[in-house]
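**Q** Chain by chain, the residues:
There are 2 protein chains.
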Amino acid sequence: MKLNQNGLLIVLSGPSGVGKGTVRKALFESEGHNFTYSISMTTRSPRVGEVEGSDYYFVSKEEFEQRIKDGKFLEYAEFVGNYYGTPIDKVEQNIEEGREVVLEIEVEGARQVKQKKPDAVFIFIAPPSFEALHDRLRRRGTEKAEVIKERLDKARRELMLINDYDYIVINDDVNNAADRIRAIIRAEHARTKRSAEGYIELLEESNHDNTK
Amino acid sequence: MKLNQNGLLIVLSGPSGVGKGTVRKALFESEGHNFTYSISMTTRSPRVGEVEGSDYYFVSKEEFEQRIKDGKFLEYAEFVGNYYGTPIDKVEQNIEEGREVVLEIEVEGARQVKQKKPDAVFIFIAPPSFEALHDRLRRRGTEKAEVIKERLDKARRELMLINDYDYIVINDDVNNAADRIRAIIRAEHARTKRSAEGYIELLEESNHDNTK
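Protein chains in written order, with the working numbering: chain A, 673 to 884; chain B, 673 to 884.
Nothing false has been slipped in among the hints.
The list treats identical chains as interchangeable, and a pair is accepted whether it falls inside one copy or across any two copies.
Straight-line Cα separation of at most 30 Å, DSSO-like style, residue types lysine-lysine; simulated pairs: (1) K789 with K865; (2) K865 with K826; (3) K762 with K741; (4) K826 with K744; (5) K816 with K826; (6) K697 with K762; (7) K789 with K762; (8) K762 with K744; (9) K786 with K733; (10) K786 with K744.
No lab work stands behind these hints: they were computed from the structure.
Please model the complete structure; the sequences and the hints are all you need to start from.
**A** Encoded structure:
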């Protein structure tokens with residue numbers, strides 16, 4: 673019996689190289705899941721094969737900046753001269769339609785979401801050790817030593833923000849991590865703050881039927 | 673990877689007749705579980721076959737009242753002239769030894785535990801409807817109509833306290849309810865407030881090893 677018909681907004685964040693993407697992928701391979709992700713809006717040009725509304729929403733810089741002013745992003749960032757952001761309206765629509773919206777974003781983006789949606793579920797995907805993070809960044813093979821060092825330093829700073837999150841999930845094994853996140857989502861649906869109102873309504877209905 | 677080695681204190685409560693006992697039993701039938709329950713202390717006389725330290729701790733009324741004064745109970749109540757209580761020391765010992773201590777208690781007892789252990793996990797086992805609760809109380813067969821009416825009235829009052837609980841688990845099906853509680857326990861272990869400290873320690877150790 674489901675008490676709240678709305679989906680949850682689930683924010684997966686954590687340092688670069690921790691494996692947020694693979695954990696998110698494992699989560700979306702769950703049987704009978706009800707997860708959806710949010711399509712980002714960007715000002716960069718579509719690459720060959722990219723489809724509007726499926727890969728990204730492509731807009732002009734002017735439109736993006738107007739949307740920032742209008743508070744229409746859950747979070748946004750500038751990267752190599754282009755904007756990337758999460759449109760708030762699509763997220764809200766999915767939640768109201770009962771889907772669990774999973775955002776896999778950087779720590780700075782998560783900070784922005786926390787300000788707009790403090791009731792979202794904030795999960796910090798954490799490395800089992802700095803060495804493991806170092807290994808992962810190195811194994812990507814595309815990064816130079818100084819870039820790796822920079823990322824590790826950034827990861828150290830990001831770990832200071834861990835107390836802003838509701839949960840810590842260590843990515844020691846991707847399936848374990850996904851399992852833990854599934855348990856968290858199940859538990860969050862049972863939280864009194866999300867379900868008490870729905871439960872009381874349910875009882876009142878059953879009570880009403882009773883006195884007919 | 674487990675971040676906090678301590679067990680949790682899990683309080684299962686809810687109205688009389690909701691099926692707390694059967695849910696607790698299903699929980700204890702989980703594979704590879706690490707649950708333990710707390711043995712109550714009482715001033716009533718042992719019945720034939722009851723074993724001290726296994727069924728109850730049997731003490732005199734004087735000893736029980738001294739223990740109340742010394743704050744040695746997580747919760748206690750008087751019932752038909754006898755005291756029943758949960759000794760705090762055994763609970764703490766089990767938690768420190770890494771066991772999940774499950775207390776299946778009345779709403780008034782849960783209120784007392786909340787004052788002493790606000791960090792415990794408070795789960796309200798809720799009936800799917802008043803009708804279902806009525807049916808369960810009637811099916812017990814031992815209770816007279818006016819006793820059933822009294823219990824339903826009490827259940828209505830107890831439902832007002834639902835917001836003091838962390839979670840609401842509807843006992844629509846005992847195995848579903850036990851599953852949800854298992855997910856809640858798993859999620860609670862990942863909560864930042866319980867695991868951040870352990871995680872930071874872990875990282876510092878791995879960092880230390882790294883620089884050797």
